[in-house]
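Chemist: Going by mature numbering (1 follows the signal peptide of the UniProt record, and there is no 0), the letters in the sequence shown line up with residues -33 to -1, 1 to 108, in that order.
One or more hints might be untrue.
Unchecked claim - What follows is a set of in silico ranges between Cβ atoms, one per label pair, in the way DEER data are often shown:
1) His100 - Pro16: 30 to 38 Å
2) Ala(-1) - Lys44: 14 to 22 Å
3) Pro9 - Arg96: 13 to 21 Å
4) Asp31 - Gly64: 15 to 23 Å
5) Glu63 - Asn11: 29 to 37 Å
6) Gln58 - Asn11: 27 to 35 Å
7) Ala91 - Asn11: 15 to 23 Å
To be verified - Simulated crosslink set (DSSO-like; lysine-lysine; CA at most 27 Å straight-line):
8) Lys103 - Lys7
9) Lys95 - Lys47
10) Lys7 - Lys92
11) Lys92 - Lys103
12) Lys44 - Lys92
13) Lys95 - Lys44
14) Lys103 - Lys47
15) Lys7 - Lys44
16) Lys47 - Lys7
17) Lys44 - Lys103
18) Lys92 - Lys47
19) Lys7 - Lys95
It is worth saying that the hints were derived from the structure and are not from the lab.
In this text, a Cβ means the ideal position worked out from N, Cα and C, and glycines have one as well.
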Amino acid sequence: MAFLFEKSSGSKSFVLLALLALFTMSFFSLASAFSAQQFKPPYNFEGCPTAIALNGYMYAKLSDRSTLWENGAACGKYYKATCIARVDRGQGPCIEGDHSVIVRIAGICRDCPADILMTQQSFAKVAKREIFHNLKFHLEE
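Using the sequences plus the hints, can you model the full thing?
Modeler: Structural data, given as structure tokens:
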């Protein structure tokens, strides 16, 4: 895209740069790292309408301190959760291959140990089952 800026006049270049920056910021608004953890059954979800059917999907709870919760506006939304945790030595906690999963927000987590709590089934799609501590994740809507 650099060639577009070289052919443009000064003011047009600034406008194109500003638009590109705005698009990038809105597209990657959720790209900051979040902490994630798994939780075990029984799965109790609260804070979202009971109209969310809990069958066949991967589910998660958002921390009440998370900026994504937005007073319940996240209920029912789907997020692509990607494990980005790394280790310097040994094997990393993320599974090999595609370490992303689509989760549906089905509740709130009060006094949560992480930004997002994922069911064991959804967490196992992206991280090794023996991992219970917080891992870094990217979330995309």
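Chemist: Against each hint, give a clear statement of whether it holds in the structure.
Modeler: A quick look at each hint next to the structure:
1. Taking 30 to 38 Å as the suggested C-beta distance range, the pair His100 and Pro16 conforms, at roughly 31 Å.
2. Checked against the given bound of 14 to 22 Å, the beta carbons of Ala(-1) and Lys44, roughly 19 Å apart, stay inside it.
3. For the pair Pro9 and Arg96, the supplied restraint of 13 to 21 Å holds, since their beta-carbon distance comes to about 18 Å.
4. Restraint check, Asp31 to Gly64: a C-beta distance of roughly 33 Å breaks the suggested window 15 to 23 Å.
5. For Glu63 paired with Asn11, a C-beta distance near 32 Å keeps the hint of 29 to 37 Å intact.
6. The beta-carbon spacing between Gln58 and Asn11, approximately 33 Å, falls within the hinted interval of 27 to 35 Å.
7. Checked against the hint of 15 to 23 Å, the C-beta distance between Ala91 and Asn11 comes to roughly 19 Å, which is consistent with it.
8. Only pairs whose Cα atoms come within 27 Å are accepted, and Lys103 paired with Lys7 is accepted, the gap being roughly 19 Å.
9. Taken as a hint, the Lys95 and Lys47 pair is honoured in the structure, with Cα atoms around 18 Å apart against an allowance of 27 Å.
10. Taking the CA atoms of Lys7 and Lys92, the gap is about 15 Å. The hint holds against a cut of 27 Å.
11. Under the criterion of a C-alpha separation no larger than 27 Å, the hint pairing Lys92 with Lys103 is consistent with the structure, at around 15 Å.
12. Using a Cα cut-off of 27 Å, the hinted pair Lys44 and Lys92 holds, with the two alpha carbons roughly 19 Å apart.
13. The hinted pair formed by Lys95 and Lys44 meets the criterion: a straight-line CA distance of about 25 Å does not exceed 27 Å.
14. The hinted pair formed by Lys103 and Lys47 meets the criterion: a straight-line CA distance of about 13 Å does not exceed 27 Å.
15. Among the hinted pairs, Lys7 with Lys44 is consistent with the structure: their alpha-carbon atoms are about 22 Å apart, no more than 27 Å.
16. At roughly 21 Å between alpha-carbon atoms, Lys47 and Lys7 fall within 27 Å of each other, so this suggested pair holds.
17. In summary, the hint linking Lys44 to Lys103 is supported, as the alpha carbons are separated by about 20 Å, within the 27 Å threshold.
18. With a CA separation close to 12 Å, the supplied pair Lys92 and Lys47 stays within the 27 Å bound.
19. With a C-alpha separation of about 14 Å, the suggested pairing of Lys7 with Lys95 holds against the 27 Å cut-off.
The earlier numbered hint that this structure contradicts is number 4, and it is the only one.
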